[in-house]
Each structure stands twice: as structure tokens, then as C-alpha cells.
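Colleague: Starting from the known structure of chain D, arrange chain V on it as the hints suggest.
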Amino acid sequence: MTVKAMKASEVAKKVVNNQPLFILDVRNGDAFADWKIEGGNIQYINTPYFDLLDGVEEVVSELPTDRDILVVCAKEGSSVMVAEMLSEEGVDVAYLEGGMKAWSEHLEPVKVGELQGGGELYQFVRLGKGCLSYMAISEGEAAIIDATRMANIFLDFAQEKGATIKHVFDTHLHADHISGGRAIAAATGASYYLPPKDAEEVVFDYTALENGLEVAIGSSKIEIEALYSPGHTIGSTSFIVDQQYLMTGDILFIDSIGRPDLAGLADDWVGDLRESLYTRYQKLADELIVLPAHFMIIEELNEDGSVAKKLGDLFKENHGLNIADEQEFRDMVTLNLPPQPNAYQDIRKTNMGKITPDEEVQREMEIGPNRCAVR
Amino acid sequence: MNADKVLDAKGLACPMPIVKTRKEMKEMESGQVLEILATDTGAKADLVAWAKSGGHELLDSQENGDVFTFWIKKG
Chain D
1 MTVKAMKASE VAKKVVNNQP LFILDVRNGD AFADWKIEGG NIQYINTPYF
51 DLLDGVEEVV SELPTDRDIL VVCAKEGSSV MVAEMLSEEG VDVAYLEGGM
101 KAWSEHLEPV KVGELQGGGE LYQFVRLGKG CLSYMAISEG EAAIIDATRM
151 ANIFLDFAQE KGATIKHVFD THLHADHISG GRAIAAATGA SYYLPPKDAE
201 EVVFDYTALE NGLEVAIGSS KIEIEALYSP GHTIGSTSFI VDQQYLMTGD
251 ILFIDSIGRP DLAGLADDWV GDLRESLYTR YQKLADELIV LPAHFMIIEE
301 LNEDGSVAKK LGDLFKENHG LNIADEQEFR DMVTLNLPPQ PNAYQDIRKT
351 NMGKITPDEE VQREMEIGPN RCAVR
Chain V
1 MNADKVLDAK GLACPMPIVK TRKEMKEMES GQVLEILATD TGAKADLVAW
51 AKSGGHELLD SQENGDVFTF WIKKG
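Residue numbers (UniProt numbering), protein chains in the order written: chain D, 1 to 375; chain V, 1 to 75.
Chain V extracted, bound-state conformation:
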């Protein structure tokens, strides 16, 4: 999937993946897609809930070994 920006949050523990995602998102335009790489197992549920509460759209997610990848479209 094409992303406008990639955030590498691998190795970061909660809450940092969300804190960094939020920071990146603030600098992006509505409709742009951010790709996030994370290894924290709690990241998925939290990113889904965070995106929902912030009006963003989780387009897709993948799990590859220890690494989760998420694509979120800014709302």
C-alpha cells in the first residue's frame, strides 16, 4: 500500500507508538496515509481505538513476524 509517510515505532513501548503517530498525523494533510511499524503487542488495539476516536481511518494492517504494520488515513 502506498503511504505518504512512514513512521518506524519498532521497539517502542506503550504509549510511545501512539504519541509518535499522533505527532506525525498532526503534520499531515487530511486524506494522506501514514504507515506505522510497531512491535508493541498492545499497539494494534490502541491504534484502532485511537484512530476511531480521532476520526481517522485504519485502512489495513499486517503482522509479519514480530512487526505489525498499520496504514492510517488522516480524517
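Looking at chain D on its own, in the form it has when it is part of the complex:
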């Protein structure tokens, strides 16, 4: 029996379509406990490859016969070895091409809506890490918000759509992933915008993203309006696109809210976070569709794989928007916070341009889940 490679894109389709999959994850137990491929119809066992070197007989009996089996490891090598051993035992299995690294880097573009005058808005879902990026396209021009490190995916997508990238925004200085914004701007001549309050230490030139800034793409003037909404960071800025969509960055998610501590100032920023969520956003139209910069759990995905919900619904359903008592709110977002993202301080320095690790190191820095929210 031959061993097949399954691409991250194929796994992504199974996750989005809720198709059955059985994963034999052969990474060590800690790595598996920290971060794995999530999906509504995925079953798992975790047996480290180094426990299978004498033979795979013991796991064969645990494998199902009624669904596809995928062997997963960090970078591919060990999963190929285990898949070949299973194949010799007559078990039909595939391995994940490129391992969890490829899974972490896969972006699934999902169209989230139409813009006036025939424009389109796409969400790039990074299933492996929970990052969400956006591209608005109108009449041959594009704007990108919160691009992840894989700049080529955005460049290629814009080219496929025949669009020139004009504006590249980051809602804030990210701490969980390396921004692709600067690289995309450099490759296209687009302007790269950052909130100045998050950019005090950056070592490159950028365009200031100030409250009230408006840019347009295409001749029908899709408006992109910046709304200062601090709290996750002191510079955090939201966008209202075409008066229909609200990109909230890491301030408001579907089932959680932003955490204020990743730049080290939770106690100072908790008040800002509350004001952004409970005052600034309250003034906006309920009909706006919230498009956050992350999802935390797979249940936040809609049936089409997008992550989006009306602001009015979030005011009703999101626990973090429904804490009347200010002290209780303060405690929730400053005490008992989840662990910080892997290498978050080096990621911030990279996004400031202070350090420039090579690509392989950047990949390693991004290993693991994002942890930008409190629930």
C-alpha cells in the first residue's frame, strides 16, 4: 500500500465542511496538548513517534476503518516514517505534507460579502493559528487588513483578481503572529499603516493610522474608515468598511474579547478596553458585520468557514460585552489570563523591525495557538 501525502488545503476543506477525519498525532504529548488540528468531526489519538519505533502494532487496533486516517507531526519527517510503518501493516493512511508547520501557514480565502459597485471582501482564515486577515477589492484596487506573514499568498491572490494593492493596514502591533504588512507594502509600493501609539519603537517608515482616517479603493469609493478603539494595545484601531463591515482587530471577537496584557500594561489599558467595547462600539449600528482578527475555537466558524457576526448579535450573546459591573470586568481581563502566545515578545520586536529572524526562525516563533482573547 502506498503512503499518500495530504495537503494542508485538503485538511482545511475537511474542517470547513465538517467532514470526518481521524488524526494520529505522533508529536510528543506536550506539543499535542498545547496545539493541534481542530475540527468538529475530527477524532484523535496522540502516540509519540518515538514510542512506535519498535512497531506500530499497538496503535493499529485503535485506528478506525470507516474514515480517512491522517498521521501528523511537527514537520513531516516522523509522520512519513509512521505512515510507512502502518502501510506495511496494511493500513491505508496519509501523512500531513509539511506537518503542523504547513498547517500553521495555510490560509483559506473565504468571500464574506459584496461591496457596493461590484466590489468584494475576502477573509483569509488561518485555520491552524486562528488568525484572520482581510482583502477588500474594488475596481482593480485592493486594501489589506492584518495580513499574516505569508505575504505571497496575498500578493498572488490580488494578482489573480487583477487588483493592485494600494493600502495595507495593521489594526495594531501584533504579538501572536508576524505581520506580512510591511513585506506586502514593500513588494507593491502600497502604503503601510500602523497606529502611531503602537509604533513608537518601530524602526521603519510607516503611514500613521489615525482616528477618522478615510481611504477609498476603486472609483466607486469603497470607504475604509479608521475608528480608534484602544484596549488590547494602546493604539488598537478598528475599521468600518463600506458602512457594512466592522473590522475589530483584537478588541472584539465572536465569542470572546481582547486581552489587554500582551504589551505588559493590563491594568493601564483595561479602562480603554471597556470604553471601546461598552461606549465606542455601542454607538455603532447593530447591523454592522463584525470581522475580527482572530478566532479562538472552531465553533466560531460559520457554515461557510467564515468568521463573522452582526454587532447587534454580539451585544446580546458575547459574554464579554455583557458584564455590567466594572470591577468584575476588570478582574476578568486582568486576572487568570491564559498563557501568553509563544515567543510573543520576539514577535513584537519582529513586527517593530527591531529584529529580523530568518524565515525558519519566524516559523518556529509562530508555533502554537494564538492567545489574544479572554473568555
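Please keep in mind that the hints were generated in silico from the structure rather than gathered at the bench.
You can trust all of the hints, since none of them are fake.
Using 16 Å as the maximum straight-line C-alpha spacing, the simulated EDC-like pairs for lysine to aspartate or glutamate come out as follows: (1) V:K23 with D:D51; (2) V:K44 with D:E364; (3) V:K73 with V:E24; (4) V:K20 with D:D51; (5) V:K26 with D:D54; (6) V:K44 with D:D30; (7) V:K26 with D:D51; (8) V:K52 with D:D51; (9) D:K14 with D:E108; (10) V:K23 with D:D54.
Modeller: Same frame as chain D, now just chain V:
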């Protein structure tokens, strides 16, 4: 640290550092120490977990530039 044997696994990708470590260990006596040099970034966590599951003891580890060095005592 004094080692009874040295395994150079530099430049090898997972799973080879563990496969080779295991092979060397099989030929050693209980209580002897194997020094392992590796460059694979996943090697550390895996060696720690492997040593634990096999009853061996990770005595020490060092990181020097790109090279990780581990000393494991056979259990």
C-alpha cells in the same frame, strides 16, 4: 560533562536524532552517559519526552548558537 559516548546528530531532521539516540543507547550500559549534538529545533522537547518514557535521565542540556547538546544517562 564527561560522556561515555558522543553522538553527532547535527543536520539531521526529525525523527533521525531520536532514532540514532535510541540505537546508541541500546548498545550502552545502564548508568553510562551519552552526549548528543543536534540542530533540529524539535529535538529538545522530543528527547526530554523520549528519555522520560524510556526511563532515562536527561542530566543537562546546552544551547550554543545553532547546536543543542544533551547529556542523557541510560536508565
